[in-house]
Each structure stands twice: as structure tokens, then as C-alpha cells.
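Novice: Each chain, written out:
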Amino acid sequence: MGRVLLKVIILGDSGVGKTSLMNQYVNKRFSSQYKATIGADFLTKEVMVDDRLVTMQLWDTAGQERFQSLGVAFYRGADCCVLVYDVNSSKSFETLDSWRDEFLIQANPQNAENFPFVVLGNKIDVEEHKRQVTQKRAMAWCQAKGSIPYFETSAKEAINVEQAFQTIAKNALLQETDIDVSPDYPDPIRIDSPSPSGGCSSC
Amino acid sequence: MADTSDATQKPIQVKLVLLGEAAVGKSSVVMRFVNNEFQANKEPTIGAAFLTQKCRLEDRVLRYEIWDTAGQERFHSLAPMYYRNAQAAVVVYDITKAASLEKAKSWVKELQRQANPNIVIALAGNKLDLVTGQASTPGTSAAASSADDEDEADDATATPGETEEEAGSESLRQVPKDEAMAYATEAGLLFTEISAKTGEGIVELFTDIAKKIPIEHILASRGAAAGGAANANRAPAVNLNETSDPKNACAC
Amino acid sequence: MASASPAQVSSDQAVTIEPSGVLSSSASISEFSHGGNIISNSHHGSSDHVYLMEDSSGSDGATPNLMRSPEEVAADAERLREQLKKSLSRGREPRTDIRDIPYDPSHEQKFPPRQFFVLTHAGKPVFTNRKIDETEGDDITNLIGVMHALISVFEDDQDKIRSIIAPPVRITFTIRPPLYYVCVTPFAEPESVARIYLEHLHLLILSVLTGSQLERILTRHANYDLRRLLSGTTTMLESYLDHLPRSFAILASSLSTLRLDSGLRLRVADALVPPPNMKTRLKDILYAIVFVDDKVVTIARPKKHTVHPADMHILLATIGSPAVKGSAASWLPICLPRFNSNGLLHAYASYLQLPSNSAASASQPAEAGEAPRENEEDAALTGGTHAPAVCLVIVSASGDFEVVRQWADVATNRLRDGETLRQLLKAAQRSTYSVDELGIPGLRHFFFKSRPNVQVTSPIFNGIEAHAHDERDQVELEDEWERLFNLYRVVWDAIHAKSGQECTLKLQYVRTEAVSVMGWITKSFEIYIALSPRLPKSAAIGAANAVVSWVKREEAKLFLRDAPVF
Chain E
1 MGRVLLKVII
11 LGDSGVGKTS
21 LMNQYVNKRF
31 SSQYKATIGA
41 DFLTKEVMVD
51 DRLVTMQLWD
61 TAGQERFQSL
71 GVAFYRGADC
81 CVLVYDVNSS
91 KSFETLDSWR
101 DEFLIQANPQ
111 NAENFPFVVL
121 GNKIDVEEHK
131 RQVTQKRAMA
141 WCQAKGSIPY
151 FETSAKEAIN
161 VEQAFQTIAK
171 NALLQETDID
181 VSPDYPDPIR
191 IDSPSPSGGC
201 SSC
Chain V
1 MADTSDATQK
11 PIQVKLVLLG
21 EAAVGKSSVV
31 MRFVNNEFQA
41 NKEPTIGAAF
51 LTQKCRLEDR
61 VLRYEIWDTA
71 GQERFHSLAP
81 MYYRNAQAAV
91 VVYDITKAAS
101 LEKAKSWVKE
111 LQRQANPNIV
121 IALAGNKLDL
131 VTGQASTPGT
141 SAAASSADDE
151 DEADDATATP
161 GETEEEAGSE
171 SLRQVPKDEA
181 MAYATEAGLL
191 FTEISAKTGE
201 GIVELFTDIA
211 KKIPIEHILA
221 SRGAAAGGAA
231 NANRAPAVNL
241 NETSDPKNAC
251 AC
Chain S
1 MASASPAQVS
11 SDQAVTIEPS
21 GVLSSSASIS
31 EFSHGGNIIS
41 NSHHGSSDHV
51 YLMEDSSGSD
61 GATPNLMRSP
71 EEVAADAERL
81 REQLKKSLSR
91 GREPRTDIRD
101 IPYDPSHEQK
111 FPPRQFFVLT
121 HAGKPVFTNR
131 KIDETEGDDI
141 TNLIGVMHAL
151 ISVFEDDQDK
161 IRSIIAPPVR
171 ITFTIRPPLY
181 YVCVTPFAEP
191 ESVARIYLEH
201 LHLLILSVLT
211 GSQLERILTR
221 HANYDLRRLL
231 SGTTTMLESY
241 LDHLPRSFAI
251 LASSLSTLRL
261 DSGLRLRVAD
271 ALVPPPNMKT
281 RLKDILYAIV
291 FVDDKVVTIA
301 RPKKHTVHPA
311 DMHILLATIG
321 SPAVKGSAAS
331 WLPICLPRFN
341 SNGLLHAYAS
351 YLQLPSNSAA
361 SASQPAEAGE
371 APRENEEDAA
381 LTGGTHAPAV
391 CLVIVSASGD
401 FEVVRQWADV
411 ATNRLRDGET
421 LRQLLKAAQR
431 STYSVDELGI
441 PGLRHFFFKS
451 RPNVQVTSPI
461 FNGIEAHAHD
471 ERDQVELEDE
481 WERLFNLYRV
491 VWDAIHAKSG
501 QECTLKLQYV
511 RTEAVSVMGW
521 ITKSFEIYIA
531 LSPRLPKSAA
541 IGAANAVVSW
551 VKREEAKLFL
561 RDAPVF
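Chains as they are written, first to last, in the UniProt record's numbering: chain E, 1 to 203; chain V, 1 to 252; chain S, 1 to 566.
Think of the hints as simulated: they come from the structure by calculation, not from any bench.
Treat the hints loosely; a few may be bogus.
With a Cα cut of at most 30 Å, we get these calculated DSSO-like pairs of lysine-lysine [as the list claims (entries may be wrong)]:
1) LYS105/V to LYS54/V
2) LYS10/V to LYS54/V
3) LYS97/V to LYS170/E
4) LYS15/V to LYS283/S
5) LYS131/S to LYS97/V
6) LYS136/E to LYS170/E
7) LYS15/V to LYS279/S
8) LYS97/V to LYS325/S
9) LYS131/S to LYS170/E
10) LYS170/E to LYS105/V
11) LYS325/S to LYS42/V
12) LYS537/S to LYS506/S
13) LYS54/V to LYS325/S
14) LYS498/S to LYS160/S
15) LYS15/V to LYS325/S
16) LYS279/S to LYS304/S
17) LYS54/V to LYS212/V
Which chain S residues face chain V? A few, computed with CB under 8 Å, are given here [as the list claims (entries may be wrong)]:
18) THR318
19) SER321
20) TRP331
Just so it is clear, CB atoms sit at the ideal spot from N, CA and C, and this is done for glycine as well.
Please put together the full structure from these sequences, using the hints given.
Specialist: So, in C-alpha cells, the structure goes:
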């Protein structure tokens, strides 16, 4: 009863460092195993959120054109989404908008306004002068898009990544309690109405 | 006439349902009451199991028809089928799991809204053995465990409640007794803490319920209803004429 | 015929999967790195193997579809299809050729445990029988994701992945939206058999959730964790998965019947006749059944409804759950998916005990739910590890418990009063038979399906060798059984041409060093027999005929015929 599994989609342009971020977070050796062929790599991380053990199933998607038609299948049933951009690439920041929109269209979550996102600005360890996106600008966008939590990180610093995932897990769990799935059992069967045939009638 | 010998006294049929979160020990409570047994690691109930057990009071005999319901989520919407027409309900929670009390409260609310208006509800906090030192003494009744207490008391320095270092520990308790008791009082419920494992409090629980059940209501409604086929094959319904005898009347 | 040995991982183009990575070495998909045949609806693998392709085109500027023109998106989709087509090879689906069946007693890992995985269309785990330890837990979650991705990639191409052949295992996929089923089974086991396992797992899950509820929940809440609704069913699911490979009845879509003197069977059926005052309230009753262990004694049903063997197996799996077996009577919701996969029925199940002989109980009709009191002789019948368990089951469409209980009480009393129950228990203890009873030289075992009755019968298995009465090592016996059963499965598959064989067969005879197996199908029966390999083929035909004759003589005892109808 206590265990929870959250499906987490990681999106962002290729080259922003999603994969190394994820690998570092999950403490696995670098490995990009299947992304090239089946469109996603999978990593799992367990976190404690308010005394609950949460398993995060991370979907590190390819971010390459040829797999984007799989969006509906991949994004289906996602509990939260992590958007990653490279602070040294303005373009990667600008496409966050499209990534977010496309995700919402293809995932079609129940409660789109409250869907938990988190934005990670990666590669802050690069020299300051190379930086193209200011923190202020990023935070403004996040605010405008429904107060999306924002974190900056680098492959060398795992800490903010931990916080980012803690935050998104927490926010995803908040959404969980909103779902009212008290299954009403189906209407009773009327056995005097036709049923599919094919059984044994001789016995 | 008031003949209290078992052979001739017809037991009064009472439907009793157990509700509560999964794994709080409902089936174990029933097994202890009906078979006087305990089995660790019982498999989860599916749907509802039902059993019968007699309960002898001074002036009457009840036959409990016990519905031990499964606590899993998917059975929740079927609960009305199980508690329909029940005269008594035991809502069980696990004193080492605070969330189970919350669930118990919602069951109480549902019963109070939807079940038989005269239903007697008892709130029972199970797994008492985990928080006291009695886990190592598998008593079969309250009487047995109090005998053990007397042995303990021979040690002049021992005081009741302090002898539980090994097997149980109060630190496992998540629901303070007085909190649950206060809630039960406010909601008009019977309340007790029990242990299906040691047997503590089990017989008392069912006896206390039996005492509180308004027998006259049951008998009156059964007499009034046409009865019909539903009662045909059960223990013979008590004849209304007998119950009008004052000596058989409920003393409560 | 596809070779059983893995292809080489040849060029830099192939990505190898680290053995310590996502998949364990016993998991099938790790073989994938060395190549496996992918079978899908539109592509059939052959002796060429598939490699996971490294992306050599390496496009840097990935952009979301929304920022590109429809033409660009379409062109990319086309490129993906081309990529996949290059990965897959053409050719005929390899069939399990009997000559390739390893019947080698020296095989080290003969039959690795079969693994099953169920996931939602969102890629969330629903169930697996794979034991998850601390360190491996994550890997299972990742594995489920990979399965989802594989399925989705093919679906995106309007195709369905069916299986991956990666000897020594086979991975089979069954899509039952919104659920996906995957199993890993021994390569020697025909694919059709793996599909039967998956289908039955699906049926069992449906029996708990119902199809309509499953659909409704996962459509509205694609992220729902279905494990919540399956809580408490793990033991039942796992037991069923253990049972599936051992059940010929399930393979042959039949009931397994208890051998019983027909007069006694009739008396049991009579006890099930509904009481006269109930006739009008029967409109919601679907079945009244008496089971002994996993065998049927009799089934009463409404005239217009049939019995679906798969539903009976599902029912048995449910009432066989420890919780139900452990209590005197249960009232539980169940969906019988072959009858109606969208609706819920209610089943009353009561394991019947013999009443005590005391006078006190005589004055009170025994009721379901009473704690049993037995005398010694009765204890011998009902106690002990091999004591047969008699279960009365009544399936109702309505939740009206009183109607059902009333009927059950009457039936129970009838069974007890006329000594029928005691006789049934006694007979059940003697109901199994061994091949010796047939007196056919060289016969080791058989399965016989009566096609008009849709029922099967078989003797107990005492080993391949003639010294059946010696002390057999249990493990050895299990192995022999597994191997023999696998031969039966392969022959069954060939006869029914379930795995894409060119045509069905009427007869198939296979001889190995240790045993000969013959399968034979006619309009009225199917028979699979195991014989000493020293018997010439002509004698095998004779033996088969002898079995058929014996069954015909014993028919009245072996099968349920003219079951009661109301």
C-alpha cells in the first residue's frame, strides 16, 4: 500500500546533458543503452517523500526527431515531467516552450494546469561568459508557465538535481490524492440476456 | 418461562460485520474468537468470509453470523452488501499504524450514514501484543493473561506496564489509547484494544457488543416482517410470545 | 530453421548491453544484444539476426515536432520505419521442429523458471512473478519500461511485436489494451503455449478487475497504479502461473473431471437441484458446482447458458486461494471473463466438512459456516495432507446473498444427510488411477480428451521407466514429468498447427531415447500417449487403440455427462 511508482519524463534538446544528469542522479555508470533504437533509456530511483517510499521510473527520451512520433505512447500516464535546457544555449531554452506544449498535447493529462513540471538549467559549471540564459529570464518563464519550480545544476553537483526530483515527486504525489478512483463495480450482469457462446453445453 | 439452559434456549441470530483497512487483523480477530487459534502471515481475505459463533450471556444466547470482509481497496464499494442488515459492526484498526485509524473513522462514518440505524459499532485497536510485553505469553483468554500478571507482580520492584522490554515496545504504538477512546466516546462507539495473537480482549469485545445489541428491536422487526423464505432454513426465529415474558427481557 | 545459437555481435554498429546493466543474465532480453529474431505481425525473422543499431546519423539539432513542418515530421516517421525495416529480417517464422527438442538428461539448465510481466499501456508495472530482491527492484522497473518502448515502437509502425526468439528462451508479447503481457519461456516450448499462459494470466486479472473497470480506470487515469487494485492477489496469481504449465486441461481448453461411479455423481447432482420454493428466485443463478480439489464432480446450470472451461479454471484458482480454503464459507465478487468479461458475478464457496454424529447436531440443521466437529473416521477422510477438499460453489449474477445461501444450505444438508458427502470423500481418495489399471504393455502415461464432453482424463504419472513402483526421487520425477509434458505440448502444437505450421495433423509420433509420444486426433477424441521407446510404432498404434477402448468402457465413470440443468 505504501509503495508508489511515478513515471517521470525527461525532456529537452539533445546535447543539454540530460543523460549524464540522470546517470549521475541515479548513480549508475554512464550508459546510453537503447535510446538510439527504441527511443528511450530507463533509470529508476527511489526517494523518500514524507515517509513514503517512492520509486521514480525515469524515461530519458531520445529527443531526436525520428522518435517523436512515439510521444503519445511514451508520455501516456506520466506523473510528472522534467524539462532540461543548457544555460549556455539560448536555443535550448527557447525550445522548452515547445517541449512543454508538445508534451501536454501528447500526454493529455487530466489536470493540465496543475501538471507537475520542473525545469533544470544545466551546465552552470561552464565559464560565466558563455552563459546565454540568465537565471532571471529562466525564472520569469517558469513563473509565467504556472510557477514551475526551477533549479540550476551541473553534472558535477548532484545536489540540486536531488532537490529537483524531491520537489517534483512531492508535487506529483499531491496530484495523486486528487484522483478519485473509487471504482464503482459495474452494473450487475443480466444472465437472461445473450452471452457470448462457445462454452461446453454437452456437459 | 425463563429457561436459561442451553439445550432449550434458542439462540438469537445476529449479523456482525468486521470492517477496516487491509492487514489490521480482522481475520485474525475472527479466527481467535471462533476457533481460538492464531496464525501468523495469514493470506488476505477475498470478498468476505463468514462464520458463526455463539456468545452466551447470562440471560440469552446469541449466534453471531460473522462477516469478515476484505480490506483491500477494490472491495470497498461492495461493503454495503456485506453490512446490509447487520446488527453489529466491529471496525478494526492497527494501533501500530496511525493511518489505519483514519480509515476506521471513515468506515464508522459510512456505517452511521448508511447502515442499519440501530447498529452497534465497536472500535477495536488490534495488535496490542506489539506494544506490550505480552507477545511471549500466548494466553487464550483474558483470564489467562491476568494470571501471568499476577506472577509478574511477585517481583516487588516491578510495576504493571513496565515489564515489556523484550517482545513489545510502546514506541511501536502510533495510536494513543486515549485518543482513540476519546474519538469512540464522541462517536458513540464501544471501544477496546485487543490482541488477536494473545487473545486479549477478544471475548470481552464480542460479549460487550452482545450486551449492547437491542434484542427487542431485532425480535420485533423479525416478528413483524413476513419472515418468508429467508428465515426458513436458519435457526428457528424466536417466537414473539416468548419474548414478551418479562424474565427474558434484556436487563440493559 | 533458425539456429539455436546466438549470432555474433559483429561490427561497431552493434551496441552491446552490459551484463550488469538493466537486464540480468537470466533475462531473455540480454540475449538481445547478441541478436535475436524479432517476430512481428508484418515482419518475420529468420536466420538473420537483429542488432540494436547505434545512431550513426547523429543529428544534433533535435527539435520538438511543434516547431517543424508537417512534411518534416512525416519524413522523419518514414525514416524511422526504414530504420526498423533495416533492423528486421525477412523470412518465415521459425517453427519449433521436434527434432530440435533437447531431450538430453544431461542438460544443465533444462527449464529455467518461466517469467511473466504485466504492464499498463503507460509502461507502469502491474505484476511480475519474478522475485524482486533489493538490488534488482530497479532493474525490473527499467525492464518494464524497455518492454513498453519495444511494443510502442512497433505500434507506431502499425505493427504488433509478437515474440523475440533468443535461445535458450523465447519472449512472447500479448497486447490486451490497456494491458501488455510478456513472458519468458523455454525456447523448446511452442509459442502457442506461451500465448495460452499469457491469455490465462489476462483472464485471471480480468476476473479480479473486470474488463470494463480496467478500461475505464486506465483510460481516464492513464497513470493509475493498478497494483493497488490487485493487492492481495499475488499468491493467487503466482500459484496459477505455476499451475498453467502443468495442466493439460487448460492446454486443451477442457474441464478436468473426477472419476466417479456414475450413480454417486448423480446423487451429488440431485443434491444440487434447487429447492422447490426457490424456483422463482433462480433467475440470477448461473452455476452450482461441486469440485473436489481441482476436478469437477458436477455442474448445474440454467438451460440457456453454457460452461466455459477457462472460467472454471479461473473459478478454481480463486476458490483455491488460501484465504478461501481456510474459511468455511466465502462470498466473493468475481468476473468470469469468458462468460462476460465486463460484468461482476458473486460466488459463494463453501468447503464442506462432514458433520459430527452427535445427537445435538442432528437437531440443528448444519449450516454453512459452522465450525466442524468430526469423529475419528471422518477425520481420516478429511484430515491429512492428501485429504480431498470438497467445495460447493454457487455463482450468482446478483448480490442477493440470502437466496444463494439458502440454496447452499439445502444442498449441503442433502449431501450430508444421505451420506453422499461421506461417500464422495471416500471415492475421491480412490479416484486417481495408474496406467497399470489399463494393463497395456509399454504404456507409461496418457492424456485423453473427450471432445464432445470437453473433458480430459489422465492417470497419475509414475515416471518414464517401467519400475514405476520403486522409490522415485521426487526431483527426478518432476524433471521427467516436465520433459514429457513438453513433448506432449510440442505434439499438441503440431497437431493443431498452432504455430503457423502448414497444416494440421491427424497423428504424430515422436520417439526419443527415453520415451515415445504419440498424438492422435479424431472427431470424438484427442489422445496423447507416452510409451516405452522400445515399442515399435505399430505397437504404439495398438496401445493407443487399447487406451481408447478402455476409456470407452470406463466412460460413465470418467466423464460428467448429462449434467443437471434448471
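Novice: Now look at each hint and say whether the structure bears it out.
Specialist: Verification of the supplied hints:
1. LYS105/V to LYS54/V: Satisfied, since the Cα-Cα distance of roughly 28 Å is no more than 30 Å.
2. LYS10/V to LYS54/V: OK: LYS10/V and LYS54/V at ~11 Å, within 30 Å.
3. LYS97/V to LYS170/E: 22 Å, holds
4. LYS15/V to LYS283/S: 26 Å, holds
5. LYS131/S to LYS97/V: Holds, at about 27 Å.
6. LYS136/E to LYS170/E: With a Cα-Cα distance of about 25 Å, the restraint between LYS136/E and LYS170/E holds, given a limit of 30 Å.
7. LYS15/V to LYS279/S: 26 Å, holds
8. LYS97/V to LYS325/S: 29 Å, holds
9. LYS131/S to LYS170/E: With Cα atoms ~29 Å apart, LYS131/S and LYS170/E stay inside 30 Å; holds.
10. LYS170/E to LYS105/V: 26 Å, holds
11. LYS325/S to LYS42/V: Since the Cα atoms of LYS325/S and LYS42/V sit roughly 12 Å apart, the hinted pair holds (cutoff 30 Å).
12. LYS537/S to LYS506/S: Answer holds: LYS537/S to LYS506/S is near 15 Å, not above 30 Å.
13. LYS54/V to LYS325/S: The hint holds at about 22 Å.
14. LYS498/S to LYS160/S: 18 Å, holds
15. LYS15/V to LYS325/S: This hinted pair holds, its Cα atoms lying about 22 Å apart.
16. LYS279/S to LYS304/S: 16 Å, holds
17. LYS54/V to LYS212/V: 16 Å, holds
18. THR318: With a closest approach of 7 Å, the THR318/S hint holds.
19. SER321: 6 Å, holds
20. TRP331: This hint holds: TRP331/S lies near chain V, its Cβ roughly 5 Å from the closest one there, short of 8 Å.
Hint violations for this structure: none, all hints satisfied.
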